[in-house]
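Participant: The sequence shown begins at 1 in the working numbering and counts up one residue at a time.
Treat each hint with caution, since some may be false.
[As the list claims (entries may be wrong)] Label-pair distances were calculated between CB atoms; the ranges are:
#, residue 1, residue 2, range
1, Ala132, Ala59, 12 to 22 Å
2, Arg24, Leu106, 19 to 29 Å
3, Glu67, Ala93, 32 to 42 Å
Calculated directly from the structure, the hints in this document are not laboratory data. Values in this document were obtained by computation on a predicted structure and should not be read as measured data. Heads up, the beta-carbon is just placed ideally off N, CA and C, and yes, glycines get one too.
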Amino acid sequence: MSTPPLVAAFYEQIWNCGKVEAARELLSEAFVFRGSLGAEVQGRAGFVAYVGAVRSALADYRCEILECVSEGNRAFAQMRFSGRHVGVFRGCAPTGKSVHWLGAALFQFEGLRIAQLWVLGDLASLDALLQANQAA
Numbered sequence: 001m002s003t004p005p006l007v008a009a010f011y012e013q014i015w016n017c018g019k020v021e022a023a024r025e026l027l028s029e030a031f032v033f034r035g036s037l038g039a040e041v042q043g044r045a046g047f048v049a050y051v052g053a054v055r056s057a058l059a060d061y062r063c064e065i066l067e068c069v070s071e072g073n074r075a076f077a078q079m080r081f082s083g084r085h086v087g088v089f090r091g092c093a094p095t096g097k098s099v100h101w102l103g104a105a106l107f108q109f110e111g112l113r114i115a116q117l118w119v120l121g122d123l124a125s126l127d128a129l130l131q132a133n134q135a136a
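When you get a sec, could you build the whole thing from the sequences and use the hints?
Facilitator: In structure tokens, the structure reads:
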């Protein structure tokens, strides 16, 4: 599997479908994740816990790849994240309303596995939407 299909499998299997067992196939043992939602985790188990926390706060959570470019052992993906706010998220009580935000993800690969991932999301837009939903 080349890097763009690996990125697609990562988002579709682990995030969109919640098949966290796919982490064994897709992520290196020493996987490192840094995300703008405040998470920095090392290892598959920590990442799987993070996925569970996000998916429990945001039902119907989706990660949509808008564009993916790869070179060598790296790939960059422009992303759209969305879900329905059903649990405490970023300090906001659940509203049941949809939220979405844009972001960017930088992947580094070791062989056919993801070794590192750094995700930066537009948290200003996300927080503004969460606050607006709270006020409505």
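Participant: Now, for every hint given, state plainly whether the structure supports it.
Facilitator: Right, here's what the structure says about each hint:
1. Ala132 <-> Ala59: 12 to 22 Å: holds (19 Å)
2. Arg24 <-> Leu106: 19 to 29 Å: holds (22 Å)
3. Glu67 <-> Ala93: 32 to 42 Å: holds (34 Å)
Violated hints are absent here; each numbered hint is respected by the structure.
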